[in-house]
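Undergrad: Sequence:
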Amino acid sequence: MNKQPLRLGHSPDADDAFMFYALAHGKIDTGGLTFEHILTDIETLNQWAREPRLEISAVSVHGFAYCHTHYAMLTHGGSFGRNYGPLVVAREAVSLESLAGKRIAIPGLLTSAFLTLRLRLPEFEPIVMPFDRIMDAVLAGEADAGLVIHEGQLTHETMGLRKIEDLGVWWQEQTGLPLPLGVNVVRKDLGADMMARLSGILRESVAYGLQHREEALAYALSFGRGLEPSLADRFVGMYVNDLTLELNQETRSSIELLLRRGSERGIIPPIGQIDFVS
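When the letters of the sequence shown are read in order and numbered with the working numbering, they come out as residues 1 to 278.
Simulated from the structure, these hints should not be mistaken for laboratory data.
Just so you know, these numbers come straight off a predicted model, no measurement behind them.
Please note: incorrect hints may appear among the correct ones.
As the list claims (entries may be wrong) - Label-pair distances were calculated between CB atoms; the ranges are:
1. K163 <-> G31: 43 to 51 angstroms
2. D132 <-> E173: 24 to 32 angstroms
3. G26 <-> K102: 48 to 56 angstroms
4. H25 <-> G176: 34 to 42 angstroms
5. E97 <-> E250: 26 to 34 angstroms
6. L139 <-> A24: 17 to 25 angstroms
7. E173 <-> G266: 40 to 48 angstroms
As the list claims (entries may be wrong) - List of simulated lysine to any residue pairs, SDA-like, C-alpha gap at most 25 angstroms:
8. K163 <-> A192
9. K163 <-> R234
10. K27 <-> R7
11. K102 <-> L121
Virtual Cβ for every residue (Gly too), placed ideally from N, Cα, C.
Let the sequences and hints guide you as you build the complete structure.
TA: This is the structure:
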């Protein structure tokens, strides 16, 4: 057994809860390794990864551009939107182009949603705020539009907001690939053997959830922030699926393409070849 628990950072959301259920509840054999689950929002995890603070963490694909010297990317636990993804929403139905130069509330400067929107709409004024405040801020007129992630993708209409654009649809049309949003990373200084061991444990946790869906979903509902069970089920299915269990050539290519396009546009630094751990 490891003397100090390995710190595992992920967001307090239904999809991450589903993914890490088996690990958090002793459903899989960890070979004596123990873990401390650190739950916080994805933008905080992105910032921590730059230090680097945690041994294992969920980060945005965008955020990986700023932590890749410290972390390798695990091939399990990724979140992708196949013809769906973060939404731009507003009080009235307007064109996305009309929002150029306007105030758009965003969930963080290192989120993949923000990077994708910058590729789609290069000029706007980002207003950073917690992701769960964005829709209220748009309704209150604090921003002209909002960039919505997590369950807001399914609930924005009930709040009276209009969908202006689905960035996952745009990316699919542009590239033919699913939009890469989140990945899990492991600190390189743990060494190759430990990184491979942790990768296997994470894959087992994801696989257990997919194989025991009702059990894992019941746990995930407690992280749904009041989301109806049917919507929580739909949300989890959107972001924990076969693409989550194992990166394939398509999803690897999509990750590399998003980072390359961000670099070509001068939004992020070039990172070269990605270190994957499977």
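Undergrad: Hint by hint, note whether the structure agrees.
TA: Going down the list of hints, with the structure as the test:
1. K163 <-> G31: 43 to 51 angstroms: Distance hint for K163, G31 holds at roughly 46 angstroms.
2. D132 <-> E173: 24 to 32 angstroms: holds (29 angstroms)
3. G26 <-> K102: 48 to 56 angstroms: With a Cβ separation near 49 angstroms, G26 and K102 satisfy 48 to 56 angstroms, so the hint holds.
4. H25 <-> G176: 34 to 42 angstroms: holds (38 angstroms)
5. E97 <-> E250: 26 to 34 angstroms: holds (30 angstroms)
6. L139 <-> A24: 17 to 25 angstroms: Roughly 35 angstroms apart at Cβ, these two residues miss the hinted range, so it is violated.
7. E173 <-> G266: 40 to 48 angstroms: Given about 23 angstroms between the Cβ atoms, the range is violated.
8. K163 <-> A192: Violated - the C-alpha atoms of A192 and K163 are around 45 angstroms apart, more than 25 angstroms.
9. K163 <-> R234: Status holds; Cα separation ~18 angstroms.
10. K27 <-> R7: holds (18 angstroms)
11. K102 <-> L121: Satisfied, since the Cα-Cα distance of roughly 11 angstroms is no more than 25 angstroms.
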